[in-house]
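Take these sequences, add in the hints, and give me the full structure.
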Amino acid sequence: MQPMTINLDGFADQVAEAIAAKLSTTPASPKEPTKIYLNKSEAAILLGVSRATLDDWIANQGLPVAKIGKTYRLKRSDLITWMESHVA
Numbered sequence: 083m084q085p086m087t088i089n090l091d092g093f094a095d096q097v098a099e100a101i102a103a104k105l106s107t108t109p110a111s112p113k114e115p116t117k118i119y120l121n122k123s124e125a126a127i128l129l130g131v132s133r134a135t136l137d138d139w140i141a142n143q144g145l146p147v148a149k150i151g152k153t154y155r156l157k158r159s160d161l162i163t164w165m166e167s168h169v170a
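When the letters of the sequence shown are read in order and numbered with our numbering, they come out as residues 83 to 170.
Treat the hints loosely; a few may be bogus.
Claimed, not checked - Have a look at the derived ranges for each label pair, beta carbon to beta carbon:
#1 Gln96 x Ala134: 51 to 59 angstroms
#2 Gln143 x Asn121: 17 to 25 angstroms
#3 Glu99 x Glu124: 38 to 46 angstroms
#4 Gly92 x Leu128: 45 to 53 angstroms
#5 Arg155 x Ser132: 13 to 21 angstroms
#6 Gly92 x Val131: 44 to 52 angstroms
#7 Lys149 x Val169: 53 to 61 angstroms
#8 Glu99 x Asn142: 51 to 59 angstroms
#9 Glu99 x Ile150: 17 to 25 angstroms
#10 Ser123 x Gly144: 35 to 43 angstroms
#11 Glu99 x Asp138: 47 to 55 angstroms
#12 Lys122 x Thr87: 18 to 26 angstroms
#13 Asn142 x Tyr119: 21 to 29 angstroms
#14 Asp95 x Ala141: 55 to 63 angstroms
Said to hold, decoys possible - Only pairs whose alpha carbons sit at most 25 angstroms apart, straight line, appear in this in silico SDA-like list of lysine to any residue:
#15 Lys152 x Glu124
#16 Lys152 x Asn142
#17 Lys122 x Gly92
#18 Lys157 x Ser167
#19 Lys152 x Val169
#20 Lys149 x Ser132
#21 Lys122 x Glu166
#22 Lys157 x Pro146
#23 Lys122 x Ser132
#24 Lys117 x Glu99
#25 Lys157 x Ile127
#26 Lys117 x Pro85
#27 Lys117 x Tyr154
Keep in mind the hints are simulated off the structure, nothing from the lab. C-beta: ideal position from N, C-alpha, C; glycine also.
Given below as structure tokens:
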């Protein structure tokens with residue numbers, strides 16, 4: 083059995099064309115709606131900090147939070163505004 087020879091330049095062109103064709107026929111997925119209110123874990127991820135740091139900011143730095151029973155909710159726009167005003 084003879085080994086098969088592949089022209090890599092032609093192969094790369096074929097792959098690029100196949101990908102472009104697939105992308106042009108694949109509908110864009112609908113954007114997931116952005117949550118307005120986040121729990122503490124989601125807020126920590128948004129701000130790029132640990133949960134412990136988030137808890138410290140709530141307790142000592144005036145990070146805006148609403149407590150409903152035992153549940154905390156943090157408004158996304160308030161978090162972004164607060165973070166921008168506290169960047170050194």
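Against the structure, the hints:
At about 52 angstroms, the beta-carbon gap between Gln96 and Ala134 stays in the expected band of 51 to 59 angstroms. Against the hinted window of 17 to 25 angstroms, the Cβ-Cβ separation of Gln143 and Asn121 comes to about 19 angstroms, which satisfies the hint. At about 41 angstroms, the CB distance of Glu99 to Glu124 agrees with the hint of 38 to 46 angstroms. The supplied range of 45 to 53 angstroms is met by Gly92 and Leu128, whose beta-carbon atoms lie about 46 angstroms from each other.
Checked against the given bound of 13 to 21 angstroms, the beta carbons of Arg155 and Ser132, roughly 19 angstroms apart, stay inside it. Under the hint 44 to 52 angstroms, the C-beta atoms of Gly92 and Val131, about 50 angstroms apart, fit the expected range. The beta-carbon spacing between Lys149 and Val169, approximately 26 angstroms, falls outside the hinted interval of 53 to 61 angstroms. In this structure the hint that Glu99 and Asn142 lie 51 to 59 angstroms apart at CB holds, the actual value being about 58 angstroms.
Checked against the hint of 17 to 25 angstroms, the pair Glu99 and Ile150 fails, with Cβ atoms roughly 55 angstroms apart. Judged by the Cβ atoms, the range 35 to 43 angstroms given for Ser123 and Gly144 is violated: they are separated by roughly 20 angstroms. Under the hint 47 to 55 angstroms, the C-beta atoms of Glu99 and Asp138, about 54 angstroms apart, fit the expected range. A beta carbon spacing of about 60 angstroms between Lys122 and Thr87 contradicts the range 18 to 26 angstroms that was offered as a hint.
For the hinted restraint 21 to 29 angstroms between Asn142 and Tyr119, the CB-CB distance of approximately 22 angstroms keeps it satisfied. Range check, Asp95 to Ala141: about 60 angstroms between beta-carbon atoms, so the 55 to 63 angstroms window is met. Between the alpha carbons of Lys152 and Glu124 the distance comes to roughly 16 angstroms, so the proposed pair stays at or under 25 angstroms and holds. For the suggested pair Lys152 and Asn142, the alpha carbons sit about 19 angstroms apart, so the restraint of at most 25 angstroms is met.
Straight-line distance between C-alpha atoms of Lys122 and Gly92 comes to about 52 angstroms, which puts the hinted pair past the 25 angstroms bound. A hinted pair counts as satisfied when its Cα atoms are at most 25 angstroms apart, and Lys157 with Ser167 qualifies at roughly 16 angstroms. With a CA separation close to 30 angstroms, the supplied pair Lys152 and Val169 exceeds the 25 angstroms bound. Restraint check for Lys149 and Ser132: satisfied, since their Cα atoms lie roughly 19 angstroms apart, inside the 25 angstroms limit.
The suggested pairing of Lys122 with Glu166 holds, with an alpha-carbon distance near 18 angstroms, which does not exceed 25 angstroms. This hinted pair checks out: Lys157 and Pro146 have alpha carbons roughly 8 angstroms apart, not beyond 25 angstroms. For the given pair, Lys122 sits about 10 angstroms from Ser132 by alpha-carbon distance, which is consistent with the 25 angstroms threshold. A distance of roughly 38 angstroms separates the Cα atoms of Lys117 and Glu99; the hinted pair therefore is violated under the 25 angstroms criterion.
Between Lys157 and Ile127, the direct Cα distance comes to roughly 14 angstroms. Compliance with the 25 angstroms bound is thereby established for this hinted pair. Our distance criterion of 25 angstroms between C-alpha atoms is broken by Lys117 and Pro85, whose separation comes to about 56 angstroms. Taking the CA atoms of Lys117 and Tyr154, the gap is near 14 angstroms; set against the 25 angstroms cutoff, the hint holds.
The structure shown violates the earlier hints numbered 7, 9, 10, 12, 17, 19, 24 and 26.
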